[in-house]
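> Assemble chain D onto chain S, guided by the hints.
Top to bottom, those sequences are chains S and D. Going left to right, the first sequence walks through residues 36 to 364 as the working numbering numbers them. Going left to right, the second sequence walks through residues 36 to 364 as the working numbering numbers them.
Honestly, I wouldn't trust all of these hints.
Copies of the same chain look alike in the list, so a pair counts if it fits in one copy or across any two.
[Unchecked claim] No farther apart than 35 Å at their CA atoms in a straight line, the calculated lysine-lysine pairs in the DSBU-like style are these:
| hint | residue 1 | residue 2 |
| --- | --- | --- |
| 1 | 37 | 172 |
| 2 | 37 | 233 |
| 3 | 157 | 315 |
| 4 | 37 | 157 |
| 5 | 80 | 315 |
| 6 | 37 | 80 |
| 7 | 80 | 157 |
| 8 | 37 | 315 |
For the record, the hints were derived by calculation from the structure and aren't laboratory data.
Protein chains: 2
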Amino acid sequence: MKKLINAPDAVLTESLAGFAAAHADIVLLGAEHKFVRRRDLRPGKVALISGGGSGHEPLHAGFVGRGMLDAACPGQVFTSPTPDQMVAAVEAVETGGGCLFIVKNYEGDVMNFQMAAEIAGKEVATVVTDDDVAVEKSTWSTGRRGVAGTLIVEKIVGAAAEQGAALSQLQALGEQVNGRTRSMGVALTSCIVPAAGKPTFALDENQMEMGVGIHGEPGRRRVALASADTIADEMVDAIVRDLAPRAGAEALLLVNGFGGTPTMELYLMVHSALRVLRGKGLRVSRFLTGSYVTSLEMAGCSITVSLLDDALMNLWDAPVHTAALRWGI
Amino acid sequence: MKKLINAPDAVLTESLAGFAAAHADIVLLGAEHKFVRRRDLRPGKVALISGGGSGHEPLHAGFVGRGMLDAACPGQVFTSPTPDQMVAAVEAVETGGGCLFIVKNYEGDVMNFQMAAEIAGKEVATVVTDDDVAVEKSTWSTGRRGVAGTLIVEKIVGAAAEQGAALSQLQALGEQVNGRTRSMGVALTSCIVPAAGKPTFALDENQMEMGVGIHGEPGRRRVALASADTIADEMVDAIVRDLAPRAGAEALLLVNGFGGTPTMELYLMVHSALRVLRGKGLRVSRFLTGSYVTSLEMAGCSITVSLLDDALMNLWDAPVHTAALRWGI
Numbered sequence: 036m037k038k039l040i041n042a043p044d045a046v047l048t049e050s051l052a053g054f055a056a057a058h059a060d061i062v063l064l065g066a067e068h069k070f071v072r073r074r075d076l077r078p079g080k081v082a083l084i085s086g087g088g089s090g091h092e093p094l095h096a097g098f099v100g101r102g103m104l105d106a107a108c109p110g111q112v113f114t115s116p117t118p119d120q121m122v123a124a125v126e127a128v129e130t131g132g133g134c135l136f137i138v139k140n141y142e143g144d145v146m147n148f149q150m151a152a153e154i155a156g157k158e159v160a161t162v163v164t165d166d167d168v169a170v171e172k173s174t175w176s177t178g179r180r181g182v183a184g185t186l187i188v189e190k191i192v193g194a195a196a197e198q199g200a201a202l203s204q205l206q207a208l209g210e211q212v213n214g215r216t217r218s219m220g221v222a223l224t225s226c227i228v229p230a231a232g233k234p235t236f237a238l239d240e241n242q243m244e245m246g247v248g249i250h251g252e253p254g255r256r257r258v259a260l261a262s263a264d265t266i267a268d269e270m271v272d273a274i275v276r277d278l279a280p281r282a283g284a285e286a287l288l289l290v291n292g293f294g295g296t297p298t299m300e301l302y303l304m305v306h307s308a309l310r311v312l313r314g315k316g317l318r319v320s321r322f323l324t325g326s327y328v329t330s331l332e333m334a335g336c337s338i339t340v341s342l343l344d345d346a347l348m349n350l351w352d353a354p355v356h357t358a359a360l361r362w363g364i
Numbered sequence: 036m037k038k039l040i041n042a043p044d045a046v047l048t049e050s051l052a053g054f055a056a057a058h059a060d061i062v063l064l065g066a067e068h069k070f071v072r073r074r075d076l077r078p079g080k081v082a083l084i085s086g087g088g089s090g091h092e093p094l095h096a097g098f099v100g101r102g103m104l105d106a107a108c109p110g111q112v113f114t115s116p117t118p119d120q121m122v123a124a125v126e127a128v129e130t131g132g133g134c135l136f137i138v139k140n141y142e143g144d145v146m147n148f149q150m151a152a153e154i155a156g157k158e159v160a161t162v163v164t165d166d167d168v169a170v171e172k173s174t175w176s177t178g179r180r181g182v183a184g185t186l187i188v189e190k191i192v193g194a195a196a197e198q199g200a201a202l203s204q205l206q207a208l209g210e211q212v213n214g215r216t217r218s219m220g221v222a223l224t225s226c227i228v229p230a231a232g233k234p235t236f237a238l239d240e241n242q243m244e245m246g247v248g249i250h251g252e253p254g255r256r257r258v259a260l261a262s263a264d265t266i267a268d269e270m271v272d273a274i275v276r277d278l279a280p281r282a283g284a285e286a287l288l289l290v291n292g293f294g295g296t297p298t299m300e301l302y303l304m305v306h307s308a309l310r311v312l313r314g315k316g317l318r319v320s321r322f323l324t325g326s327y328v329t330s331l332e333m334a335g336c337s338i339t340v341s342l343l344d345d346a347l348m349n350l351w352d353a354p355v356h357t358a359a360l361r362w363g364i
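Just chain S, same shape as in the assembly:
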């Protein structure tokens, strides 16, 4: 196992300490590393809280800040955060407007956020994201998995919260965006969980996992390594078939690296995906390209398409100031 670490059981706390030091203008680290919170809270604003297993950085802590999340609760690598983490986060960032939990659809996450909502003693609503079209159920999920599209939900709902929307409106908005967003991924190599010390799954030198999950969960099938164009054809086709957009619909394209794929290849995938999307009559008017929802050092990428109308585009374009996404500020 080749990693820049000290000891497997110190990876999370040391990484969070580095993150909090590097972004001290934006975030504060909660006691016992239970959460990363936004430094400057706005009284009365609905508090947005997300979280999940670590190893997907910059998701979620990298999206804490003005215009996006108020707190993120990091579990151990690929392990759900515990309810006490979310309860502590609610106590720290709820300022009278209630809380919205944004939760990726994995059984442990859903259960632990649900328990936290019940014991937090504040008004809490929840949006569960499930944008992955690859499989209908998976190793740790009943129903579809929540993957890279989650950041689009967090960005758009975060912008609306900043503009003063109420909790019920934000919950409806989150569900709307999740419903307009689909993703699919491909892995060329496995990730290695530090505590395990060996690859989560094995791929031969000429194989890829089509439809992989962000923890290395199996996808649709294991096939021979294909060209970027062939991969884009299959992934975009699965996404668009499921989204069933009207002709000429406007879309945001997110090409997301899983951690071990260079930027050069991600932009090449943008080129491939764009060709397919345009061929299907979609107008891509917003782009995000980079490694935002990762699986440790896994090589591969996901493609996410989100159908955004003018109002949603405006919320996407609204100012944001986090470690990983920043514009307009």
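Just chain D now, with coordinates in the frame of chain S:
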């Protein structure tokens, strides 16, 4: 070779096409892919032009935009751009204020930018960056290599250019920042050049290359894989020994991933490097963490320390709007 590509000889053009499409609000792609230029030029401003072999994305095209570069000339992977590329870029973006070339210290780059300066028919000055303390000469360099510190030079000189500084002032500023900036890297795995199809160098499962170059050039020595703290001790010590800062000096810390290293590990390295820097009496007041000057899919990172006074910090903080660095706009 596991890459998200179509054909090795199409990697650069397809990746540039994806980049230009994704960032059409910021950049334009020159004819025959000779350069990536800033869309909106400012008449009379000194034009900043950089470039070099591809495979280091987002360097340099990702730094084209307001507050940073006016154009970047991409060579083939790990291959210098040809003089006609820089001449075409000068023609496209010089608006009466002259041109500053920012060139990493590799023989091919230095020679080709020099030839371009001679035939461009405009006033051109050049800053050569050589921030890598690992070795005094290397495979493709006479003298030290220019590595991740180059982006700090580009950012600070770019801000000063935006504020109206003259060509001679910008050249002096670039040399000043380069002189205050040092870097060193470590590789855990090799990169694979698409046209070669195999690793540039071989490392055993328990080995790392200490002092590696950004093309996989040999560093100081090949040693057993060490902890993040041990790596940070050696790299920061080499950097600070060479910089010889006064006690209490203020610094910017850049922890740069080489392409295959997850964000989680980069922040862990921030934690390790910060401990060493503070132990040596430096005050780290600015941070940049991410994969900005990469070596395709190489796993590993570099640490860069730049000693910035108040004036330089202000230029670092000044607004920038590029694909890879954005704040204040």
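> Since the copies are identical, ignore which copy is meant and state whether residue 80 and residue 315 lie within 35 Å (CA to CA) inside a copy, between copies, both or neither.
neither (40 Å within a copy, 43 Å between copies)
> When no copy is specified for residue 37 and residue 80, does a C-alpha distance of 35 Å or less occur within a copy, between copies, both, or neither?
neither (43 Å within a copy, 47 Å between copies)
> Have a look at residue 37 and residue 172 and pick one of within, between, both or neither, based on CA distance no larger than 35 Å.
both (32 Å within a copy, 28 Å between copies)
> How would you classify residue 157 and residue 315 at a CA-CA limit of 35 Å: within, between, both, or neither?
Close neither inside one copy (46 Å) nor across copies (47 Å); limit 35 Å.
> Measure nothing new, just compare the shortest in-copy and cross-copy C-alpha distances for residue 37 and residue 315 to 35 Å and report within, between, both or neither.
So residue 37 and residue 315 pass the 35 Å test across copies only (28 Å; inside, 42 Å).
> From the Cα coordinates, with 35 Å as the cut-off, is the pair residue 37 and residue 233 best called within, between, both, or neither?
Classified as both: same-chain Cα gap 10 Å, cross-chain 19 Å, threshold 35 Å.
> 35 Å Cα cut-off: does residue 37 pair with residue 157 within a copy, between copies, both or neither?
neither (44 Å within a copy, 49 Å between copies)
> Indicate which option fits the pair residue 80, residue 157 if close means a Cα-Cα distance not exceeding 35 Å: within, between, both or neither.
Cα proximity of residue 80 and residue 157: one copy only (14 Å, versus 55 Å across).
Hint violations for this structure: numbers 3, 4, 5 and 6, all remaining hints satisfied.
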